[in-house]
Each structure stands twice: as C-alpha cells, then as structure tokens.
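Novice: Going down the list, the sequences are from chains W and V. Reminder that position 240 of the first sequence reads as 222 in this note's numbering, one-by-one numbering, no gaps. Reminder that position 68 of the second sequence reads as 50 in this note's numbering, one-by-one numbering, no gaps.
Treat identical chains as interchangeable: a pair holds within one or across any two.
Only pairs whose alpha carbons sit at most 30 Å apart, straight line, appear in this in silico DSS-like list of lysine-lysine:
| no. | residue 1 | residue 2 |
| --- | --- | --- |
| 1 | LYS134 | LYS0 |
| 2 | LYS46 | LYS209 |
| 3 | LYS97 | LYS185 |
| 4 | LYS96 | LYS46 |
| 5 | LYS97 | LYS46 |
| 6 | LYS149 | LYS92 |
| 7 | LYS10 | LYS92 |
| 8 | LYS46 | LYS116 |
| 9 | LYS134 | LYS(-1) |
| 10 | LYS46 | LYS134 |
Hint data in this document are derived by calculation from the structure and do not stem from the laboratory.
Protein chains: 2
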Amino acid sequence: MAAVAGRYIDFNTKHLKKGDPLPPYNGKLRVYNMRYCPYAQRTILALNAKQIDYEVVNIDLIDKPEWLTTKSAFAKVPAIEIAEGVTIYESLVTVEYLDDAYPERTLLPKDPVKKAFDKILVEATGPIQSLFIKILKFPDTVTDNHISAYHKALEFIQEQLQNRGTKFLDGRQPGFADYMIWPWFERLRVFDNDQRVKIDGSKYKLLVEYIDNMLKDPAVSEYLIPKEILKQFHQFYISGQRPNYELLNEL
Amino acid sequence: MAAVAGRYIDFNTKHLKKGDPLPPYNGKLRVYNMRYCPYAQRTILALNAKQIDYEVVNIDLIDKPEWLTTKSAFAKVPAIEIAEGVTIYESLVTVEYLDDAYPERTLLPKDPVKKAFDKILVEATGPIQSLFIKILKFPDTVTDNHISAYHKALEFIQEQLQNRGTKFLDGRQPGFADYMIWPWFERLRVFDNDQRVKIDGSKYKLLVEYIDNMLKDPAVSEYLIPKEILKQFHQFYISGQRPNYELLNEL
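If we strip away everything but chain W, and leave its shape as in the complex, we get:
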C-alpha cells in the first residue's frame, strides 16, 4: 500500500443521516468520520501524516444512518473501511492498524519501552478528555478534583517534553503520542476565557511552545477547525441544542 502525493481530501462532506444511502465503495480507503469528533480526528491525523489517500464519509451522530452498525459494531466513529465490508474501528486501534499496514512514516517508536511510554502518555490525557466533555455537556458536575486532575495531566505532559528534550514528544516530527493527544489541545484553545482550564504561558511555557509547533505541522493544519467555528460548535452542546454539523459548509 502506497502513500499518494498530491492527494486532495474533502474533509467537509455532508454528514449523512438516517435515510441517506450508503455511498458506493470505490476502492479507496474510507473513513467514517464526524468533522468535530476528537477521536475520529486521531485517525485523520495519522492518515494525513502518512500522506495516505482516502475519502471521508461524515456521519450525523444524532440521527445515525441505518447502515452505520454494519461498518462499526458500536455505531461510533471513527471506522476505516480498508476493503469493501472490512472495517476497523476504535480510534487508537485504527491508528495502530495504519501504522502496521503503512510503514512509510512510522508513528509508534519501534523500541518496546519507548512505544509503551507513548501509549502511557496517551492514557495520561484521560482527565483532559473527561473534563472537556463535562464542560460541554455536564458543566454542573465539574469539581475541583476534576480541575486538579486536569492540571496534573498537563504537568505530566510538560514533564515528558522536558525529559525528552525534543521539539515534539516523538522527536523532530510529531508521532503517535503527539497526534493522539492533539485533538484536545486544539479544542482547549477555544476555552481561553475559562481560568480553570486555560493553559497559562507562565506555568506551561514549554507546553505553549509545543502547541504552537503542533499548529504548524501540515497533518494538523490541513484539518484545523477555525477557532470561531469551534466555539460556535461547542455552543450547541453548552446550550443543549442539536449540533449543526454543517457549519464549515455554510461559510
């Protein structure tokens, strides 16, 4: 399987919903995605980093198409269809599959200990992921403990950057750990008015530099959602409205 240069991927296809037919499989690797889903973004980032050619089938997660469970048994995104009817799902599983099947630019370190530590780092972001969901969907349940676990996780990542002494967690260019935790850093940028979660430059100098470097990475920047759009999208959850998945098509 070869990576394709000069590829053009349409990330902003309409989100298919109940009643919409399954687009015919055309032989290209396909990602069942939701444009704003941080988990599906992991798969997209791995595909982008490896310069794999693929197509995006966006899914309306509120009103799911009937055929979604034939692609992903848990009816979730991401799922990748690697041959007609052969699908792999769960974000980290898809990325490890891609890293096995497309060795062009390896994302996971080969050394077993380094590889394990990259995965530990991804697990370490659990409190970041759960605080993000709580703020959007269950703001009344956020406690001081959640905020303090969140900051411990940030400190752990900053410590890792310090210890590794490299521009990215995985070296001179981003790798597995970098891409797998990135979606939450991209989203945290829009909470810059929330003092509880703000990634403050005085306490998190190295982390702020790192986030700036990640923003410049091509795999990240080609899929980046403009800050204002992301804020608008989050607002749907905060105000209990049905999310409008087509914001990027209405620009």
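With chain W fixed as given, assemble chain V onto it according to the hints.
Specialist: Only chain V this time, still in chain W's reference frame:
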C-alpha cells in the same frame, strides 16, 4: 529475555500500605498488583501464559504506600518494573510491552487486521466492565440500558467465537483477546443468582463452553480465586466496608 520453567510465584503476598517500605529490587521482573484487581490480572495472565519468572508486590489501594507514584505516575496497578526504576503501567500497555519483549509465545496476532480485531474485541467489553463496577459500587445507578448494553457485548463476543470457529478467540490456545477479557468472566461467575447478568446456558451456549475451557487453561487456573472468596471480597464493596485484601492469606 527467557521464560523460566519450574518457576514458583507467590501471588498472595501481603498488600503493602502507607508506611511500609519499598521491598529492595532484586533484578527479577516485578508486578505491582492487587490480588483482586481485574486490570492487574491481565498483566499476570500474560506473564503466566509466557511462563515468565516474576515477583508480585501487592498494594493496598485504599491506603497506598508513599512510593507508589514513583512506580506508576497515576498511582494505579498494574505496573511492571522491568529494570530498577524503569516501570511500565496501564494494563493493556504492559501486556503489549511483554508481547514485544518476550516473543516466546505471542499473544497478539501478527496480521494487522486480526490484531486490530483482537483489540476491538477487548474494547467491546467496556459495558461489561462498567456494569460490574456499578453493581459493586453504585447499584442504584444500574439502568435497563446498562443491562442491555451488557448483553449486546456478550452477544458480540459469542458471535466472534462462532465466526472464528476456534476453541478460544485466538485459536487453539488463548491469546490477547482471551486473556484481556477473562478477568470479568471470572468475576461474573459469582453473580449466578443475579438474573440480570447471569450468563444463561440456553442463550449463551458457546460462551458458557468457552468459559469452561478458559477455566482449564493453566495461566488462568494458577491465579484463579475460589468463588466463595471472590463473593466475600465483593461483599465488602456492596456493603460499603473497607475491603480486606488478605482473605487468601487467612484461609
């Protein structure tokens, strides 16, 4: 690194707590464990299957020793110490590390698609894991949805057994998927009076046979907790008492 035959592992060492000194490292692979922890059991099963020689340092998770965070940044078990001060944690990460570092008996399939599907299977047990915790710790929060998600997960596993047509999920002997989901099946056996979760032989014929086969596997049977002891241990949570970790030493 070689597996050692004729090894003797003491699984039931006293659970160390706050104030207890860290046992000096003796060069042997060490597992920071809790005798009843289903996650730590994953690591133990992988070590047993590979016939690796190791020592168990059991941890009192209610009153944790001060040095635990130097072994596991999140102060959880399992953690494995592979050289003095070099530790790997998070259950699935430890097992994948062991599979990389000790290739004697591989647990994960080599084929990237089969490997991905083994991991998907493990993820599929999420509703089983969460229902188990809810029944023990938050019985009032169990809803019909949780019960139905639990049965969907059981059906998914039984379907996989059917489709694969092998004695174990991973073939003629248990592998990654089998060992990583086993701890919950071992524990579910003691809920045989709870009709909501009972694995009924008429609906789950293949699954019941599978569980019986797993019970006979040496890696499983050498670490198996007697049913009555497990019931007693669970009762501590159900009745809101401090768990007594030393039940197996008081026999």
